[in-house]
Amino acid sequence: MIDWPHYASEEGFVAGLAGPLGWYYLGVAALNLGAMWYALRRRRSRLEAVVWALMGMAFAGLGGLAMSGHPLVLPEWLKDACDRALGPVTFTLGAMAGLVIFYLGRRVLVQPLVSWTALNVSLLLMGASMTDPDFARTVSRPDNVPIVGMVYLLAFFTWLGTAQAVRNDERLRRGQGPVEAGFTDKVLVWPDVVYIELIGAIVATVVLVVWSLLIPAPLEEPANPAVTPNPSKAPWYFLGLQEMLLYFDPAVAGVVLPALIILGLMAIPYLDPNPRGSGYYTVDQRRFGWAVFLFGFLGLWILLILIGTFMRGPNWSFFGPYEPRDPHKIAAATNIKLCEYFWAVWLGRGVPRVPPESGGLQKLGIILWREIAGLTLTCAYFVVLPAVLARTALRRMRQAMGRARYWLMILLLLMMLMLPLKMILNWTAHLSYIVSIPEYSFNL
Amino acid sequence: MRRADRRPVAGAQGRRGPSRRGLLRITFSWLLWLGFAALGAVAGLWAAATARFLFPNALKEPPQRFKVGFPADYPPAHVESRFKDEHGVWVVHGTYRGQAQIYALSSVCTHLGCITIWQEEQKRFKCPCHGSAFYMDGINYEGPAPRPLERYAIRIADDGQLEVDKSRTYQEELGQWHDPDSYVPT
Ligand code: FES
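Protein chains in written order, with this note's numbering: chain V, 45 to 488; chain P, 586 to 771.
The following block holds chain V by itself, in its conformation from the complex:
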């Protein structure tokens, strides 16, 4: 962790930040001037150029303010409101809603005027938030810096792909072929591609070297088998898995689900019967595939990494972006299993107990009876629901895919959906396990 200067008082912290923040805003201003130049020379759009010039001037003004010791600061009430509003449920549902909005409004959202403004707003928020010590600490931890970069990279590439898809879809609707169909000129691997790769490799190496000099790798105290650091975080690319482990038995979250993710990704080419969209970007022709990708990759995997990186603190509690990381925060409540809900809460009876002296078969019978609600629910989810869907909502898909493919696809899809469902059930109803048979180490 970087030791921030003058962390003792918030004013001192902000004062120490004046110089770097000023340069940051000036950098953003320069970025906007570059965009203005690009809009004038390449895109020949006066409107865009004017808007970028105005934004650039605004950022330059902010930079001057920051340098003179008055950086833009978020008001306390806004930070408090953010912390209070950003619970795990709102965070996840908000991200899902964002994806839906992105899907529906993609034609507008990929326009440069909108997307570049969004970038500017996010950079502005970033700068203003850096004046909050807790936010600054979280974001600038050497472990977390790459994740900030990853967010911007992902946003850029999602924008890039979607913008090209939107352009193609428009052409396809007008009866023209996709842009890529006009790419007929071939280039040579040697020297054209290899040169680009070589330069790419050199640039990446330089960036890595400079980065590792500027932000040294975080080393902690020597390992001690009797003490686990609090919080104990996996490397960032495993934080999604670690987050999954919160809601599932280790065997499920650590073995079954990762294996299914890999197998499922490998199975996609065999499951996908849609012949269109090969070799060019399109959304309209591959709606289902695109939606599943957005949901599964951005909406689950990346979201879980972001939660694990930025929102989890000591005791693995959930913290808002501006909230102090207090190790004694009490948030979660007692977990309840589905069998306890079913027997004790809904039926008002005791949960059936397994008498210690009962033998194998009798014991199994009692356990199955105890878990009857969870087993029925699981069965309904994985067997009845797909069968019903095949006759109703997904009928066309079922016919196009055939039985085996349809069932494989739908089971993988339901597995994926199970994750956010269980997360939300866990946060709202404190449901821990749907089927819980610790006697045989089976928990779902």
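The reader is advised that the hints may include incorrect statements.
[As the list claims (entries may be wrong)] Partial selection, computed: residues in chain V whose CB lies under 7 Å from chain P: (1) A270; (2) T272; (3) P275; (4) S276; (5) W280; (6) L289; (7) D293; (8) N379; (9) P482; (10) N487.
In short, the hints are calculated from the structure, not lab data.
A quick note: this is a predicted structure, and the numbers were derived from the prediction, not measured.
Glycine included, C-beta positions come from ideal geometry on N, C-alpha and C.
With chain V's structure known, arrange chain P with the ligand on it following the hints.
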């Protein structure tokens, strides 16, 4: 064209040097042997070093059985953390199903095996990895841990001290906490 150029040269050498070629061949085979021998030696050394690595020089394993003081040292509702660092054990004077007893809980979380922390203010064992929490009696109530912490065998030794035996464990979900070896009634 090139081949034609080279051929006479090769022939000229061939005429002069059967002995030289034989010498070359012998030297070469010697070198080959030497090379393989060196390779084999290195591989052997490497394997030996790997095998040696499996037997560390210093293996300080705390004894499986150890004394933890007299029952009178433990006031009611008390979690003793003294033995955690060396032995990974909390010795607790608490209650289980209404019965006051002293028992030895393993500090290893039953989720994925991180080491739990005793938080006195909240009266809970908290796991820093995925946030599981356990009551003082070791029962899980929060987070993903699917079952309670495990107990170690505990008994009163001949000198009246409590003695923990880590070679035997007792799991609540298997009904083993009723085993009189898993606690000392108070
Ligand atoms: S290892 Fe303790 S909660 Fe996962």
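Evaluation of the provided hints:
1. Look at A270/V: its Cβ gets to within about 4 Å of chain P, closer than 7 Å, so that hint holds up.
2. For the restraint placing T272/V at the interface with chain P, the shortest Cβ-Cβ distance is roughly 4 Å, inside the 7 Å limit, so the hint holds.
3. Proximity of P275/V to chain P holds as hinted, the smallest CB-CB distance being about 5 Å (cut-off 7 Å).
4. At about 5 Å, the closest approach between the beta carbon of S276/V and any beta carbon in chain P falls short of 7 Å, and the interface hint on this residue holds.
5. The beta carbon of W280/V comes no nearer than 16 Å to any beta carbon in chain P, farther than 7 Å, and the hint placing it at the interface is violated.
6. A distance limit of 7 Å between C-beta atoms decides the matter here; for L289/V the minimum to chain P is near 5 Å, and the interface restraint holds.
7. Because the closest C-beta pair between D293/V and chain P is about 6 Å apart, less than 7 Å, the hint holds.
8. About 6 Å separates the beta-carbon of N379/V from the nearest beta-carbon of chain P, less than 7 Å, and the hint is met.
9. A cut of 7 Å between beta carbons decides the hint on P482/V: the least distance to chain P is about 4 Å, and the hint holds.
10. Among the interface hints, the one on N487/V holds; its C-beta lies about 5 Å from the nearest C-beta in chain P, closer than the 7 Å criterion.
Of the numbered hints given earlier, the model fails hint 5 alone.
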